[in-house]
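Student: As a plain string of letters, each chain reads:
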Amino acid sequence: DAGVTQSPTHLIKTRGQQVTLRCSPISGHKSVSWYQQVLGQGPQFIFQYYEKEERGRGNFPDRFSARQFPNYSSELNVNALLLGDSALYLCASSFRDRRDEKLFFGSGTQLSVL
Amino acid sequence: DAKTTQPPSMDCAEGRAANLPCNHSTISGNEYVYWYRQIHSQGPQYIIHGLKNNETNEMASLIITEDRKSSTLILPHATLRDTAVYYCIVPQEYGNKLVFGAGTILRVKS
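Here the protein sequences come in this chain order: A and B.
Residue numbering for the first sequence is 3 to 116, as defined by our numbering.
Residue numbering for the second sequence is 1337 to 1446, as defined by our numbering.
Just so you know, the hints here were simulated from the structure itself, not pulled from any lab data.
These numbers were taken from a predicted model, which means no experiment stands behind them.
Possibly wrong hints are sitting among the right ones.
Unchecked claim - Below, simulated EDC-like cross-link-like pairs (lysine to aspartate or glutamate); rule was C-alpha separation at most 16 Å, straight line: (1) K15(A) to D102(A); (2) K54(A) to D102(A); (3) K32(A) to D102(A); (4) K1405(B) to E1367(B); (5) K32(A) to D64(A); (6) K104(A) to E1367(B); (7) K104(A) to D1403(B); (8) K1388(B) to D102(A).
Unchecked claim - Restraint-style ranges between C-beta atoms, simulated for each label pair: (9) Q20(A) to N1389(B): 46 to 52 Å; (10) K54(A) to N1366(B): 24 to 30 Å; (11) K54(A) to R1352(B): 46 to 52 Å; (12) L13(A) to H1376(B): 16 to 22 Å; (13) P72(A) to R1443(B): 41 to 47 Å; (14) R98(A) to N1393(B): 16 to 22 Å; (15) A1438(B) to S29(A): 30 to 36 Å; (16) N1355(B) to G18(A): 47 to 53 Å; (17) T7(A) to L1387(B): 29 to 35 Å; (18) R98(A) to K1405(B): 25 to 31 Å; (19) L1416(B) to K54(A): 41 to 47 Å.
All C-beta atoms, glycine included, are put in the ideal place defined by N, C-alpha and C.
Whenever a hint applies, use it, and build me the whole structure from the sequences.
Tutor: Here it is in structure tokens:
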């Protein structure tokens, strides 16, 4: 079975541009979460979606948005890119939206903003 | 979120057991303890989780103290491939949002 897949794996953008990152969860998983990991730090929670509804939002500016599609795949959009948005963006999926659910992470998209 | 405290780094000899401690003194009765690890340049990998009882799976064992204020992750026979950052996490909010701290860098040496 395929794990969580993210695309693209690497991306280079310039300041002020917009970017869309994509995530396909494990088949049957209905919850998708996004995390940002800056070099040298642990991942930081950005969004969680379950059954196409937003279930949680981390402390990120409105430039960050996301959505989940009927097939449970998800997109993360970041507008007006800043140098500080350079990071590894991780997607994680789980079957349900519960505390006792383990998350499965993809390998991430490495975003570099120049 | 329930704050977890872990040592910043630990070393372990290859083939020996690696015991990684975690303090979570403010944990409440219905909160789980999770362990994930992250090998360089990869996404975090789930290892194990537990509520009250000790747990074991093919990767590791989790020992939770009776008062639930601390736990220990045990890798019974560490290999070089176990070198990673290990995160102890107590998810608090409804749903499965994870708050990652700095974790413990485990270095397995031959």
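Student: Work down the list of hints and note, for each, if the structure agrees.
Tutor: These are the hints, each one checked on the structure:
1. K15(A) to D102(A): Answer violated: K15(A) to D102(A) is near 37 Å, above 16 Å.
2. K54(A) to D102(A): violated, 20 Å
3. K32(A) to D102(A): Roughly 15 Å between the alpha carbons, so the hint for K32(A) and D102(A) holds.
4. K1405(B) to E1367(B): Judged against 16 Å, a Cα distance of about 11 Å means the pair holds.
5. K32(A) to D64(A): Outside the cut-off at roughly 24 Å; violated.
6. K104(A) to E1367(B): holds, 14 Å
7. K104(A) to D1403(B): violated, 23 Å
8. K1388(B) to D102(A): holds, 13 Å
9. Q20(A) to N1389(B): 46 to 52 Å: holds, 48 Å
10. K54(A) to N1366(B): 24 to 30 Å: holds, 27 Å
11. K54(A) to R1352(B): 46 to 52 Å: holds, 48 Å
12. L13(A) to H1376(B): 16 to 22 Å: holds, 20 Å
13. P72(A) to R1443(B): 41 to 47 Å: holds, 45 Å
14. R98(A) to N1393(B): 16 to 22 Å: At 20 Å between Cβs, range holds.
15. A1438(B) to S29(A): 30 to 36 Å: holds, 34 Å
16. N1355(B) to G18(A): 47 to 53 Å: holds, 49 Å
17. T7(A) to L1387(B): 29 to 35 Å: Because 31 Å falls inside the window, the suggested range holds.
18. R98(A) to K1405(B): 25 to 31 Å: This hint holds: roughly 28 Å between Cβ atoms.
19. L1416(B) to K54(A): 41 to 47 Å: holds, 43 Å
Hint violations for this structure: numbers 1, 2, 5 and 7, all remaining hints satisfied.
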